[in-house]
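Taking the hints into account, I'd like the entire structure generated from these sequences.
Heads up: the sequence lines are chains A and B, in that order. Residues 225 to 326 in the numbering used here are what the first sequence lists, from first letter to last. Residues 4 to 156 in the numbering used here are what the second sequence lists, from first letter to last.
Honestly, the hints are just simulated from the structure, not real lab data. One thing to keep in mind: the hints can contain errors.
Okay, the calculated beta carbon distance ranges per label pair [what the hints assert, rightly or not]: (1) B:A133 to A:K313: 32 to 40 Å; (2) A:V318 to B:T119: 19 to 27 Å; (3) B:L94 to A:W279: 21 to 29 Å; (4) B:G54 to A:A308: 17 to 25 Å; (5) A:N317 to B:A89: 34 to 42 Å.
Quick reminder that beta carbons are idealized off the backbone N, C-alpha and C, glycines included.
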Amino acid sequence: MLHISTLHYLVLGGALFLLGVIGVLTRRNVVIVLMSIELILNAVNLNLVAFSRLWGGLHGQVFAIFVITDAAAEAAVGLGILIAFFRNKETINVDEVNLLKW
Amino acid sequence: MLIGGILVITRRNAVHSALALIAALLAQAGLYLMLYAPFVAGVQIILYAGGIMVLFLFVIMLVSIERTQRERQFNRQWLVGIVAAAALGGLFITVYTKGKGIFPDRALPPVEAQNTQNVGTLLYGQYMFAFEIASLLLLVAIIGAVVMAKKRI
Numbered sequence: 225m226l227h228i229s230t231l232h233y234l235v236l237g238g239a240l241f242l243l244g245v246i247g248v249l250t251r252r253n254v255v256i257v258l259m260s261i262e263l264i265l266n267a268v269n270l271n272l273v274a275f276s277r278l279w280g281g282l283h284g285q286v287f288a289i290f291v292i293t294d295a296a297a298e299a300a301v302g303l304g305i306l307i308a309f310f311r312n313k314e315t316i317n318v319d320e321v322n323l324l325k326w
Numbered sequence: 004m005l006i007g008g009i010l011v012i013t014r015r016n017a018v019h020s021a022l023a024l025i026a027a028l029l030a031q032a033g034l035y036l037m038l039y040a041p042f043v044a045g046v047q048i049i050l051y052a053g054g055i056m057v058l059f060l061f062v063i064m065l066v067s068i069e070r071t072q073r074e075r076q077f078n079r080q081w082l083v084g085i086v087a088a089a090a091l092g093g094l095f096i097t098v099y100t101k102g103k104g105i106f107p108d109r110a111l112p113p114v115e116a117q118n119t120q121n122v123g124t125l126l127y128g129q130y131m132f133a134f135e136i137a138s139l140l141l142l143v144a145i146i147g148a149v150v151m152a153k154k155r156i
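Here it is in structure tokens:
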């Protein structure tokens, strides 16, 4: 059986990060953009835990827990903004959000 | 897990995206278990797959999904977005191939028996201040979300 090294986890994390970036940059639906941000945060978490396993400490896992906390806060605030915006403009497309545009 | 991620950004129906994201998150919890991090895996399942995804599904049900399904799914800058992401991917590939020596493929250290206990000790000992700041951040997020979603303040 193939030995799974830290580099495999890092490559998987990088690929996941790329998927999230593509989702953020190309989708129009705000909900799916927020889900892509969750993908990015998860890729970072995977890297943190993999490095924590590599160096034998637990600091990476503690940081992963902090990142999960931040992701929860970000999702709550983002979805609150989304609901307020949908109530005002009846749309959830990112390119119709132009209230702050000059 | 990658399949789940791809499904997240390509589905037309947002509910299907959310279900694919749940699959990806559960797969990642399995990866945490493979990395001997059972506490993080549990937090991942309870918080992400349980809490945050329920929040997402609520909001998907609140906003109308029938109309957005018929519209264009990708914005006008999608080509630029793909190019930027490809540039970032090239950067990643360069780092991974050139920096193989930075990530040593050595024998992994032995696993401690009480993962959760050690994480808790570290969280309440060395990272006490950061922990308190995280709780403050959660409080601010709760108040912010309620204020945003309220009809009139």
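Hint by hint, here is what the structure shows:
Hint check: A133 of chain B to K313 of chain A, Cβ distance near 38 Å, so the stated range 32 to 40 Å holds. Against the hinted window of 19 to 27 Å, the Cβ-Cβ separation of V318 of chain A and T119 of chain B comes to about 40 Å, which falls outside the hint. Restraint check, L94 of chain B to W279 of chain A: a C-beta distance of roughly 24 Å satisfies the suggested window 21 to 29 Å. Distance hint check for G54 of chain B and A308 of chain A: the Cβ-Cβ separation is about 21 Å, which falls inside the suggested range of 17 to 25 Å.
Evaluation of the 34 to 42 Å hint for N317 of chain A and A89 of chain B yields a failure: the beta carbon distance comes to about 25 Å.
Hints 2 and 5 from the list above are not met by this structure, while the remaining hints are.
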